[in-house]
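**Student:** Sequence lines, in order, name chains W and R. Going from the first sequence to our numbering is simple: count from 1 and add 101. Going from the second sequence to our numbering is simple: count from 1 and add 1.
Any given hint could turn out to be false.
[As the list claims (entries may be wrong)] Listed next, the stretches of chain R that the computed footprint assigns to chain W, with coverage defined by at least 3 CB atoms under 8 angstroms from CB atoms of chain W:
1. 17-23
2. 105-117
3. 156-167
4. 180-190
[Stated by the list, open to error] If you want the ones that stay clear, here's a sample from chain R, every Cβ over 12 angstroms from chain W, calculated:
5. V72
6. R120
7. L121
8. F145
9. M150
10. Y151
11. T152
12. V153
13. R174
14. V202
[Stated by the list, open to error] Covered stretches of chain W (chain R as the covering partner; in silico rule of three or more C-beta atoms under 8 angstroms from a C-beta of chain R):
15. 139-149
16. 152-162
17. 209-215
None of these hints come from the bench; they were simulated from the model. Note that the coordinates shown come from a computational prediction; the quantities given were computed from them, not determined experimentally. Each residue gets a CB set at the ideal place from its N, CA and C atoms; glycine is no exception.
Below, each chain spelled out in residue letters.
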Amino acid sequence: MSGEDSAWFDEDAGPLARPYTFTRGRTHVARDDLNMITLVVALRKHHRGELDHAHGRILECCQDPISIAEVAAGADLPLGVVKVLLSDLIEQNYVIFRTGLAKHSSAASPDTLQKVLDGIREL
Amino acid sequence: MEFASSDRMIRPAINATALKILIAGGFGVGKTTLVGSVSEIEPLRTEEQLTERSAGVDDVTGVEQKRTTTVALDFGRITINQELIVYLFGTPGQDRFWFMWDELAQGSLGAVVLADTRRLASCFAAIDFFEERNVPFVVGVNCFDSTQMYTVDEVRGALDVDPFVPVLLCDVRQRESTKKVLTTLLEHIMSLQGHAQRAVVEG
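Please construct the entire structure, taking both the sequences and the accompanying hints into account.
**Tutor:** Written as structure tokens, this is what we have:
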């Protein structure tokens, strides 16, 4: 949480740069199979001039498999913007992704739940 | 704040399964503290634009209205192994709106509702939300100081949760206590699944 030295605005003020500045004004939505915990990883690096700054920044964040929420936090951009940028990178084969759990909690198998339980106990 | 050991960093595989557990409750009840007590990373913050459901505020007009709200989410991570990662998401701000966010509930394994006995009413919205959507949850009564004003049974009675929903006392500043809350949730989810399977077999 922000400390006493925080500026006069807070998160309620919303992002201070217009998010779609970063997506060149495109209004298309991100792939609908991306969510906060979708894991993404870069397939290759980009060469100078291949990508604009925002896309390049996102690509650098996902050199190791990482969730989209972590990419957004690392790049300090809203999730919605990051999903659009990642969608572009996926389309251009810079990034691959894996959607985690399906939409309903029942998708976690008893075996998976047991592993999570054991893992938390061992923390 | 102390975080879970970062020396056991495991590089996840791209085909890993990522799971989400929600941490809900009223403002200032300790959600981010809970996340930080077991997370292997310092809790991160991200912002998401979410669509609110028509909340009935405009019932008079009879017109379905939707609008988007920017919400902040604090989250942490527990890497169980290369193939399994659990993310804990807490909602630090804008609590008056968060129960409208279906997107948050989608794909979540279950939830912890953190309660503060000084302001029990502040977690009613969370309980209603998870009950309506059949998201398994446990209630953690966070004790900020050693003086616990109420018993678990008194809290359970005041919150009017179903008898099968676990209610437990906790101190989420302590990692062991947070672990107990999370393992209780996991056991609860597994027990519900077991019941559902038996119902299918017997049905």
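**Student:** Against each hint, give a clear statement of whether it holds in the structure.
**Tutor:** Hint by hint, here is what the structure shows:
Counting residues of the stretch 17-23 of chain R whose beta-carbon sits less than 8 angstroms from any beta-carbon of chain W gives 5, enough to reach three: the coverage restraint holds. Look at the stretch 105-117 of chain R against chain W: 5 of its residues bring a Cβ nearer than 8 angstroms to a Cβ of that chain, three or more, so the hint holds. Closer than 8 angstroms: that is the beta-carbon criterion, and the stretch 156-167 of chain R has 0 residues meeting it against chain W, so the requirement of 3 is violated. Residues of the stretch 180-190 of chain R with a Cβ under 8 angstroms from some Cβ of chain W number 6, which satisfies the need for three, so the listed coverage holds.
Annotated as non-interface, V72 (chain R) brings its C-beta within 12 angstroms of a C-beta of chain W; the closest such distance is 9 angstroms. No beta-carbon of chain W is positioned within 12 angstroms of the beta-carbon of R120 (chain R); the least distance is around 18 angstroms. Listed as a non-interface residue, L121 (chain R) keeps its Cβ farther than 12 angstroms from every Cβ of chain W; the least gap is roughly 23 angstroms. At roughly 16 angstroms from the closest C-beta of chain W, the C-beta of F145 (chain R) stays outside 12 angstroms, upholding its exclusion from the interface.
No Cβ of chain W approaches the Cβ of M150 (chain R) within 12 angstroms, the least distance being about 26 angstroms, so the stated non-interface status holds. The Cβ of Y151 (chain R) lies farther than 12 angstroms from every Cβ of chain W, with a closest approach of about 27 angstroms, so its non-interface assignment holds. Every CB of chain W is more than 12 angstroms from the CB of T152 (chain R) (nearest about 26 angstroms), matching its label as outside the interface. No Cβ of chain W approaches the Cβ of V153 (chain R) within 12 angstroms, the least distance being about 21 angstroms, so the stated non-interface status holds.
The claim that R174 (chain R) lies off the interface holds: its Cβ sits roughly 15 angstroms from the closest Cβ of chain W, which is beyond the 12 angstroms cut-off. Residue placement check: V202 (chain R) keeps its beta carbon more than 12 angstroms from all beta carbons of chain W (closest about 14 angstroms). With 3 residues bearing a CB less than 8 angstroms from a CB of chain R, the stretch 139-149 of chain W meets the requirement of three and the coverage assertion stands. Counting residues of the stretch 152-162 of chain W whose beta carbon lies closer than 8 angstroms to any beta carbon of chain R gives 0, which falls short of the minimum of three for the stated coverage.
Restraint check on the stretch 209-215 of chain W versus chain R: 5 residues with Cβ-Cβ distances below 8 angstroms, three needed, restraint holds.
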